[in-house]
Amino acid sequence: MTQRAHPLSHAGRRLLDRRGFLGDAAASLGAIALAGLLEQNGLLAAESATGSIPPAINPAAPLGARTPHFAPRAKQVLMIFCSGACSHLDTWDYKPELQKRDGQPMPGFEKLVTFQGPSGNLARSPYEFRPRGQCGKHCSDLLPNLAELADEMCFIHSLTAKSNTHGPGENQMSTGFTIEGFPSIGAWVSYALGSECDNLPAFVAIPDTRGVPQTGPANWSSGFLPAVFQGTSFNSQRPILNLAVPSEIAPAADTAARDFARLLNDRHLARHAGDSELAARIASYELAAKLQLSAPEVGDLSRESAATADMYGVNDANPLLAGFARNCLLARRLLERGVRFVQLFNGAYAMGEGVGNWDGHKQLKSDYDRHGPILDKPAAALLSDLKARGMLRDTLVVWTTEFGRMPVFQVGAKGRDHNPEGFTVWLAGAGVKRATSYGATDEFGYRAVENVSTIYDLHATILHLLGLDHRRLTFTHNGAERRLTDVHGHVIGDVLA
Amino acid sequence: MPRARAHRRRLWLAGIAAGLGGLLPSMALADAPPPNLDFNRDVAPLLVNNCLACHSGSDPAGALDLTRRAGATTGGDGGPALVAGKPDESILLDRVRDGEMPPEGKGKRLAGEEVDRLARWIAAGAAWPEDRVLSPYEFTTEKRAGLDWWSLRPPVRPTVPASAHTAWVRNSIDSFIAQALEKKELEPSPEADRATLLRRAKFDLVGLPPSPEEVDEFLADAAPDAYERLIERLLASSHYGERWGRHWLDVVRFGETDGYETNKPRANAWPYRDYVIRALNEDRPWPRFILEQLAGDQAGEDVATGFLVGGTHDVVGIQNIEGQLQQRANDLDDMLSATATSFLGVSAGCARCHDHKFDPITQRDYHALQAIFAGVRHGERDLKPDDYDERLREEPDVRKALAAVERRLLDFEPLARVGGPADAPHRAAVHPLGNVDRFSPTAARFVRFTVSATNQSEPCVDELEIYTAESSPRNVALASAGAKATASGVFADGASALHKLEHINDGRFGNGQSWISSQVGGGWVAIELPEPVEIDRVHWARDREAKFADRLATKYKIEAALTPGDWRVVATGDDRRPYTADAKPETLSGETVPSERAAEFKSLVAERERLAARLPSAGMRKVYAGTFEQPKETHRLHRGDPMQPREEVTAGSIAALGNAFSLESDTPEHERRLALARWIGDARNPLTARVLVNRLWHYHFGRGLVATPSNLGFHGGHPSHPELLDWLATELIERGWSVKAMHRLIMLSATYRQASRPVERAAAVDAGNHLLWRYPARRLEAEPIRDAILRASGRLVLDVGGPGYDAFESNNNYVHVYQPRQSFGPAEWRRMVYQLKPRVVQDATFGEFDCPDASQVAPRRNVSTTALQALNLLNSPFMVEQTREFAERVRTEAGENVSAQARRAFRLALAREPDQEELARAVTLAEAHGVQALCRALYNASEFVYVD
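Sequence lines, in order, name chains A and B. For the first sequence, the numbering used here begins at 672 and goes up steadily by one. For the second sequence, the numbering used here begins at 85 and goes up steadily by one.
Read the hints as simulated data drawn from the structure, not as lab findings. The beta carbon of each residue, even a glycine, is placed where N, CA and C say it ideally should be. The reader is advised that the hints may include incorrect statements.
Stated by the list, open to error - Just a few of them, taken from the derived set where beta-carbon distance is under 10 Å, the chain A residues facing chain B:
#, residue
1, 767
2, 927
3, 1044
Claimed, not checked - Label pairs and their calculated CB-CB ranges:
#, chain 1, residue 1, chain 2, residue 2, range
4, B, 841, A, 921, 35 to 43 Å
5, B, 301, A, 944, 41 to 49 Å
6, B, 406, A, 1041, 52 to 60 Å
7, B, 825, A, 1123, 26 to 34 Å
8, B, 409, A, 909, 57 to 65 Å
9, A, 1159, B, 409, 30 to 38 Å
10, A, 1123, B, 193, 58 to 66 Å
11, A, 909, B, 406, 53 to 61 Å
12, B, 719, A, 1008, 52 to 60 Å
13, B, 409, A, 1008, 15 to 23 Å
14, B, 727, A, 1159, 42 to 50 Å
15, B, 755, A, 1040, 37 to 45 Å
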């Protein structure tokens, strides 16, 4: 069945005209119902136990904006996630010694076995590194446009991951845990802060037009948090699932049916006076109507100027580049409208190892020659655009991947195996130092050796920038007080502006 | 642990459980304290509560171990902490007196009296019985549970309280509930009306709405026991197990895909789901249910051990040892955590890296549990058919007969045609499971298989077989027969153990023993035979174990030679039909059989099938229920790191729960699981019965007497009605652990039958309705919502059991792709408990209703309300289809009259008649936009998805 987006929401418009519903509902609920919900989630108990700060969630508007723990430096987050493990050694982590010792065994690690098998010899990057920006940061030619923005970036070169396998690795970067089933960082942030925007989801995941990343929806899952905090996934090609009214339902019939459902629901609520869940359910149909108007609007890239479209590469001859460019533009439009957390993926796994993502095991150069340009121009345009529009003042940009790659090639191949011992991510925008490099790997880029950092630290830092203490943002699941950072994590003070 | 010590420890724990902090006979030793100071009464609590959080365990702070006298007198980094008779030289006293200990954030400063008491004790000789080892867990503190924690003490059957609400009370449950209400001066609610009770009970017990006819019948039943008979009927229904089985599947995190990046389906995991449904329908006594799930292989319920391996499992092969050990440790953690949370309500998994921070579970306990499961691995197990022994006896004869039939059948396999017209393919398409290339007998010393295209990546061949042209054909390609293999190259230069050149002719099948070329889309492998021989066919496959379908050669040629280089092409794939991903394997299509031999061919095929079905292996059923092996030793892992093993830990129980057992290092694998099952199911276990009755209460009332059904530990909260909980627990045991007896008890209570209407005064006192002054109305879960939609449309298919339906389009990608189905039919119109349950990915319409994704245990579902739920119920393909079906049914059953249609639609969806205003508005809607618009509205009504 095909679904056609037609002028949605006669029902929506009518519902929107009926002003003030949310306010009324919230007023009638009162503090008692709210306390009930919070208590049910173990939040009140949690506060007394360990100093957790329960988000003040209004059950009738669970995505309403909430106050952080302390004054935030950033209000929104854009996370660009390069799926497949983008090599730090061929992008951001310049290792002259590696270039020099190309073809030699890595001293001290001659018999190393990594994820796919035994290691071969050290292999220099096929891409030249040169100084970029005012700061002269050495970055490779693989991503020239992004490299030119080095002055905006705060590199963390000493990140470490707990797993050398994509699934657990992606899980850890997105949820803090290598094992399945934990809430994603975006879900934690929506749970903590809600959203400034009342007609779009608080948390949007934008999968690559080539498909979803390795662990798919686990990256934007709400885990055991209420479903309302999960990421809504859509991109420039695939709208929100079930958003459009199916073509076989006439607009007038749509409106009439929804009005009748509203009548039934109002009467049902009247029979259960003060039931906050039922009020929230009525509100959710209003939010759905709003979403039917606002989501097509935010996804309508034709409203952008030709110059903007060109800057991103929206009409590029390479359909993969153009697809990612459209997703980048969509990300900016979402942030502009106040969406709290945008997770933008570059790379997908359905096509197999290295083909559709950064997993360059066998033929790193030919893989990366393909992937570099797809990422580079659109992402650079996005960062520049955010800066030009003044949005970097409130928006934290995090460029990341699940782990790094080895300085050696794999035996019998011209590619690099997985390496969780040291890799690079960068931050830019709200609250972070510009033109900064923090931490370092060893002379070959194998292991983090200076200011060794964990994904917990990265998450703690992101939450800190949003005004949240990662130790006090908790949710009680099965009696355990869960955190994004488990029992770990330190804010990396040195990257804060 | 040496046996003697283990024994002492058990004695200690038994002593502690019996009378905490009480006098123990062994205390009366020579260095007994003066009469006015008793070590156990006066000193031990001070040490336990203020010092042991840090000064105990394998790595005590400052190397000072204060759990035993020797530790205290020897001291740590700072020297002796305790000097008997000399308070001034005892650092311990010094530090607490200064307030330096306990340090900030770790505890409160000791009161003056407490410091004095310590000083007096030291001055009097610091008597501390030699054998007395303090446990940091002896007492519950402000920060953690001790051995005296309420749920670790055996339930004591309370007296049923007297209640003022004698007219309201129907059974003992009500007395407890009424008593608690009376304390707050609250009134219970009156009984709900009959129609409400019917709908409530039906959804609650079988997860389906009542039909209009059922409503009529029940309302017309004037007998005083109409409700009782309703409950009996529902308890006896085969759909009861489907509803309550789904609850249990949540609790045990049962899923049917592996999770992580590949997230591939487990085709044979469903029998566990069917087992759960069956066992609940049969009301197996709970200890039996426990035993079967932990050790069903020893109890005639093989598939029940699907419980052990119901969780996620990372199938991605890792070559480095750290990664492999970590994956294995994660599997074991999943098994033991699921066991501990589902049956015992304890979060044993929290003691993986260090002693549990909040409950008295040590890291050692954790590893004792780990040792129970150390021989369990993920995977399918072959289950033998009932007549297995007979099949084994017959096997040699059957095999002989089968070989004869297969030889005759091979004559029908069309010969490969080399160089024929490309547009007339006459042979079956290549298939990953296996291919035969038959050709005229030819003398050969060398055979070469050359691939020039694949469906994906480098080609893989799991085994190349070359058969002689003789009456008893031999595979002469085998290395064991003296043949030698060469190839254009090998995947990863042979570095992968799975893919080596020698696997091409080692006689072993499957991806794990295969050759993969070094080249994408091409490569060759050649076999040099020990001597020239007449051959007439080659068999080859990608993966005869049917796990992989990629890397399949789609263009290839087979050449033979007598002298090196003198190659002659004997077969190619060019005369095969084009490869398609969804083709069925067919080595013998029969389509080239001449008509005069068709009957012979047909009877041979039938005979082959008949014989093959008699093989022992053919009777085997594969079930994803885990495999078992005798494990190596288990070691405690320092900080949970598999690379840092410490002392050996043998299989055993959680000491704090009492009645402890500890097994020898070489105890057979299955004995470990049996021992654990018996220990959990023992009536003396303080947790098992409490956890079960609390779970039942949770599902009946939306909230357990303890709000965290899988955690009755320190962070699990206290029971709202502790005496009722214990009364139910003891009642359960008295009633032979019958779950259905407990349902009956609960559902016949006045508490359960209350109306759900709000009462302002009560809401002001107890907004959360913890005291149950009314029945808590609540939203249905994803499964009953979907089932009810199908029920209303009349399309629900009530087939019980068997493989689940797939809510997603099928595909064979290495990383499984989940593309939601766009249209549905009777196969997908089954109850949602029969939906193949993928991890991470959710049903495109109903997953949004807080459906757990089976990655973690889900003892309690969230109820959140989202805009996407609204969009899904309004616009999803499933709903649009069902709305159409619902409208169709209404038109069929109610005829042309719109008013009759509206009334019928209301009754089917909401189990009630519309009132006048509703009817008038419904008729207006249906007249303007068709009854389908009304059906769509009803599906979106709060009343449809809520139960009163």
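Tell me the numbers of any earlier hints that the structure contravenes, in ascending order.
Of the numbered hints given earlier, those the structure breaks are 1, 3, 5, 6, 7, 8, 9, 10, 11, 13, 14 and 15, listed in rising order.
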